[in-house]
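*Asks:* As a plain string of letters, each chain reads:
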Amino acid sequence: MMGKIGLIISREYITKARSRAFILLTLLGPLMYGLLIGVSTFLASQDSEKDLRVDVVDETGQFENKIQLEDNTVFNFLPEMTQTEFENTLALIESGSVGLFIPKNALENPKGIRMYFSEHPGSSFINRVEEQIENYISEQRMKEVEVDKKVLNYINVHVKIDELKMGEDGAKESSAAAAITVSYLTGFLLYFFIFIYGSLVLRGVQEEKTSRIVEVIISSARPFELMMGKIIGNALLGLTQFAIWIGLGALMIGGIVLFGPEIQAPGDMTMTQGDMNLGFAYVLKGWDALQTLPLAQTLIYFILFFLGGYFLYSSLFAAVAAAVDSQQDMQQFMLPISIPLVIAVMVLSSVVQDPNGSTAVIFSMIPFTSPIIMMARIPFGVEWWEPLLSFGILAASFVICVMVAAKIYRIGLLIYGTKPTWKQLAKWIISK
Amino acid sequence: MLRIENVSKSYGDKIALKNVSFNIPEASTFGLLGPNGAGKSTLIRIINKILVEDHGEIFINGEKLSAKHISQIGYMPEERGLYKKMKVGEHVVYLARLKGLSKADAVARTKVWFERMEMTDWWNKKVESLSKGMQQKVQFISTVIHNPKLIILDEPFSGFDPVNAEQVKNELLRLRDEGATIMLSTHRMESVEELCDNIGMIHKSEKVIEGKISEVKRAYSKNLFEIVYKGEKLETDDSLLKHEERENGEWLMQSATTDANAWLQNTLAKTQVVSYREVLPTVQEIFVEIAKG
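Line order of the protein sequences matches chains Y and A.
Under this note's numbering, think of the first position of the first sequence as 11, with each following residue one higher.
Under this note's numbering, think of the first position of the second sequence as 161, with each following residue one higher.
Chain A extracted, bound-state conformation (with noise of 0.2 angstroms):
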């Protein structure tokens, strides 16, 4: 659906994004990862217009980018805010009608949203009145109020108390598969885990990974297996990584073996065993592994 190839961009001397590029399928949620300054909000405002590439092409269902997709696609920036002195339905109702809708097609998403987000009694509140959590559901239905085929959202979670964030969780979920592609920018790994089907990241201007989760990593496997046996504590030679008690006498073992079949059965032997899995790594031990090189 989105097609990035080849963009760059340079800033004076400095490079913010060298020869990036992605491929996010339809109906789908991308996370997009990086540290900070690595080029995420350069590229993303890059898709939306607001900056322009040096190099390279954007192609959204096959089209060139253009003027003309700004309101296919539905953006929620790092750094956001609203017009405090205006009512918070009116508020809503002018970025829609920015994005190319009508006003009574406006007015009525915006109810629809509002009670969806249960936030009727919103309507004539000063924005300035309304706290940091607030304002963000408020920006939040902004992003989407134009069913964009194209969601993308910067940190998205920061400022969110637990359920608020649940609650834009559970509707993005639901916008994806009504259809829309979804990008996502963030530090929180957990909610990428959570929500992502495919990840890409950047590192000092670069694309360095790009793919489905489990695939991801997979490619980063360490080769570690688990085993959690119930009994009294085996004897073990100092190969095993983790050897350690847990709850109602059980007790787990990490190894990176080789020949994980061999050391299961070995084990079966010895023991009454609960589980055996493999160890993947987690996006964010894949992430911290990559950034600091």
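This is chain Y alone, in the form it adopts within the complex (with noise of 0.2 angstroms):
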């Protein structure tokens, strides 16, 4: 016979995985980030093909015809006029164009080159401005200190390392972008799972505590297992979640391969911190380069310190669903215990420029940071036993929070109306 807890997780299950939200976030998840995805790159690419009509007033006379952009840009040089003069003329603006006001000695001293615009044209576009203004500048002196072009491009040298991991077979290609992409998408997934799992089971609670539903319950089955259904339940939810997602994203990510070659890869992209869009297009692009990474490992240790991690923390937000009945007193609960959460994820960018640091390795350590730190340290590689250290101090931490908050969750659930304090919780803690 399924015990009672078994038959905890099981309602809690079913009744989850049968509801509306659930189906449609989990079908349609994928689907929404991709659209996101798509959405912002047409977005982006839309922004840089809006026809720009640039008036320049040219005090030099020598820039006509020298700045060219890649796309539909339109300079307009204007006959000589002052630059108080064609302030004037572009105080009616429109929408669409900008002004550049070049002074008379640009070239030998080029500062005071101005941008007038109602609407800002995008930092990119002034920074490829500023490169053909520089490039046209730099030539002239070329000529002028009678360097050839030649000799420039045979100074300016450009080193690109290629990165090889030495493992037990020998060595392989490495990259680093890709490390740093999956680093990123396993944190933040990490936080973002812990959360939203963690929060499903404080409103489990909290609607069991609400709706008064409890009392029934905890007469018949112990809080303990109560608390822990509760908790195994919504985990089985969310690795549900995972594994069609997985499944749905090697359908993708097969669909492409075999049938998207038109797909064009992003070419020479530099990988900016955080920028998840970016990383979408390289995971496409660095499929090769991803199987470098420790992929199956990785995906092992997901789970785990999802495990581990959602363990910690829903145990935690299930006592306070339990010791406080209204929305306010919850948040100010809520906060002191999610701060390491969002620590982490505030050291995850210095984590991934130096995965091996000291800060990497401490905060992947910590149990409560430890999940995303150590999910982010694991895509570059590290020593086997670190993740096995840290997941072991990890699962010990949560067996002593799950102790604890097993005790305020069995005082808690039956008190109503009022706000426990600190001082209070400790005693329940305690108490036999």
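It is possible that some hints are incorrect.
To be verified - Distance condition first, Cα-Cα at most 20 angstroms in a straight line; then the derived SDA-like pairs of lysine to any residue:
| # | chain 1 | residue 1 | chain 2 | residue 2 |
| --- | --- | --- | --- | --- |
| 1 | A | K285 | Y | R30 |
| 2 | A | K244 | Y | F32 |
| 3 | Y | K14 | A | D265 |
| 4 | A | K209 | Y | I425 |
| 5 | A | K244 | Y | W438 |
| 6 | Y | K14 | Y | P233 |
| 7 | Y | K14 | A | K263 |
| 8 | A | K247 | Y | E217 |
| 9 | Y | K429 | A | Y171 |
| 10 | Y | K417 | A | S170 |
| 11 | A | K309 | A | W273 |
| 12 | A | K309 | A | D357 |
| 13 | A | K367 | A | K247 |
| 14 | A | K402 | A | G391 |
| 15 | A | K174 | Y | R28 |
| 16 | Y | K14 | A | G260 |
| 17 | A | K292 | Y | E217 |
| 18 | Y | K14 | A | V267 |
| 19 | A | K367 | A | E449 |
| 20 | A | K245 | Y | W438 |
| 21 | A | K263 | Y | T25 |
| 22 | A | K245 | Y | R213 |
| 23 | A | K244 | Y | Q216 |
| 24 | A | K245 | Y | R28 |
| 25 | Y | K26 | A | K209 |
| 26 | A | K209 | Y | R232 |
| 27 | A | K244 | Y | K153 |
| 28 | A | K372 | A | S181 |
| 29 | Y | K14 | A | S262 |
| 30 | Y | K417 | A | V212 |
| 31 | A | K245 | Y | L17 |
Because the hints were derived from the structure by calculation, they are not lab data.
Since each chain sits alone in its own frame, please combine them into the complex, following the hints.
*Replies:* Shown next, in the form of structure tokens:
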């Protein structure tokens, strides 16, 4: 016979898995994510293809036909006028056009070059114009000092180091970009999943308390069984969702690889930190690069650290939900509990930059931050014992946390209308 | 069947129960009375193993109360709810299985009870679509579905319309006649009179009354007698507590006399007596008297 905890798990799992919200989120989640990337890429490309007209007053008289951008931007050189006159004509500037003023001595001392606009044309646009002006000026200066462009090219050296990771089976190509992408992806996903599933537990406990079903349940099952059943049920729900998403993701990638030759991988794109969209594009481009990462290990630890972090936090969430019954009071207790998780996300970028630095190592061992930080380190390759130790500490912590939470939970469930103080919570924890 | 011995419980400095003992015989209905905050709910939760007593012991059929007795108890708390998103049938089956029934058994019994309570077409309805009274019925069924030997109900009739309340009362009496012991905590004294064989009262955390309703009434009797007669109004002295006209030309007299026989003979000599009885206090009156101190 299935034990009581099994019954509670299956109720928790079945009622939620059947709910419209879960089905929609599971099936539409990846679609919505794809759509988001698609729409933002589309918008970004739209933006750069906007036909801008740049009215130029060039006091040097040298830049006409020298400034050109790759897109459809038109540079409209106006007859000579003073800066004030130019500003006056631009007072009624229309959207979609900008003004560029180049002062007389720009070639000698390129300062005081101005761009006027009513709508900001975007910093990348300004960068490109700056680059054009820079190129022209340096070309002129090269002529001035009689340096051949070939010489300059010869002097300007670009170095790209090939990254090779040494393993037991020799050197393997490794891609920092792919590691960074996976690292961010798993770090953020863990953060979101711990929060999403943790708050499912929180709301479940809250519902049981406010609907007053809880007293009937705990007259049949122990509060500990109810709490654990709820936590495990939602964990299974999360794992189901992962499984479906991994399946859908595999289908998608498989489909792209087989039927999507026209999908252009981004060219020479530089990875910017936290740029998930670029990261996603990289996943497509760098499928080979991705395979150089410890993927199986990453996936297994992802599940382990999700479970560990989720158990730790959701037991605390459950305790808070049991102890208080008003929303405001809940916020007050949730804040200190969630702070470590937020800190983990905050140090994520420095961890990704230096995955074996002391910050990274320390935060990957502290149980409240380790799920996210250890997960961010794994794609870069860590010593085999590091994730094991980290998980061991995490597991021990969640056992303690669950025990503490169960005490608060048991007593808090039946108390209505009053907000416990921290001191009272401490008393509940040490009560027999 | 249920024996509570010197149970005490306090929350911090606040004493909720002080040396409370009750003895509730098998197949009887016991009314647990007491003003709000007297400690009734604490006692009920201790019997349900939701709270742990500080001192004292509880026995069920002579065995010390333990986790294994949970499946023999059916408990309907005062503050009760259901999972709103669940279907009614599944909900009852779930609660029944938590009490240890097998799935098949739980389903079968739920069907029987749904039929008995005229709610067969509710099975696939969501709980949230039921009215409060309908939800109360679901809660009642969930309480008794596993055939508990001890049924504990805290304010069972709040929220019921009179028809449903009657139905539940009849079911309770039937379950008692089939051997179940019922413990009932309520403020509705008329349902206590109607349903209970024995009552007990807790006041300020201590037991103040225990016994058969008739014995308790006798103990709190004020030697009050009542005569109803027909005809002209009698000339009487000021010692009467009541002397008033009723329908059909009848008159009602009440007296706290020490010699009721003499009073009756005296009245018989003067007029036609319709009825004569001793007026015992109602449970309500006893309750108020104790609660006021």
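*Asks:* Next, verify each hint and record whether it holds.
*Replies:* Hints versus structure:
no., hint, in the structure
1, K285(A) / R30(Y), "holds (16 angstroms)"
2, K244(A) / F32(Y), "holds (17 angstroms)"
3, K14(Y) / D265(A), "holds (16 angstroms)"
4, K209(A) / I425(Y), "holds (16 angstroms)"
5, K244(A) / W438(Y), "violated (30 angstroms)"
6, K14(Y) / P233(Y), "holds (11 angstroms)"
7, K14(Y) / K263(A), "holds (12 angstroms)"
8, K247(A) / E217(Y), "holds (16 angstroms)"
9, K429(Y) / Y171(A), "holds (16 angstroms)"
10, K417(Y) / S170(A), "holds (18 angstroms)"
11, K309(A) / W273(A), "holds (17 angstroms)"
12, K309(A) / D357(A), "holds (17 angstroms)"
13, K367(A) / K247(A), "violated (42 angstroms)"
14, K402(A) / G391(A), "holds (17 angstroms)"
15, K174(A) / R28(Y), "violated (46 angstroms)"
16, K14(Y) / G260(A), "holds (8 angstroms)"
17, K292(A) / E217(Y), "holds (17 angstroms)"
18, K14(Y) / V267(A), "holds (17 angstroms)"
19, K367(A) / E449(A), "holds (15 angstroms)"
20, K245(A) / W438(Y), "violated (32 angstroms)"
21, K263(A) / T25(Y), "holds (17 angstroms)"
22, K245(A) / R213(Y), "holds (13 angstroms)"
23, K244(A) / Q216(Y), "holds (13 angstroms)"
24, K245(A) / R28(Y), "holds (11 angstroms)"
25, K26(Y) / K209(A), "violated (29 angstroms)"
26, K209(A) / R232(Y), "holds (9 angstroms)"
27, K244(A) / K153(Y), "violated (82 angstroms)"
28, K372(A) / S181(A), "holds (15 angstroms)"
29, K14(Y) / S262(A), "holds (11 angstroms)"
30, K417(Y) / V212(A), "holds (13 angstroms)"
31, K245(A) / L17(Y), "holds (17 angstroms)"
In the structure shown, a violation is registered for the earlier hints numbered 5, 13, 15, 20, 25, 27, in ascending order.
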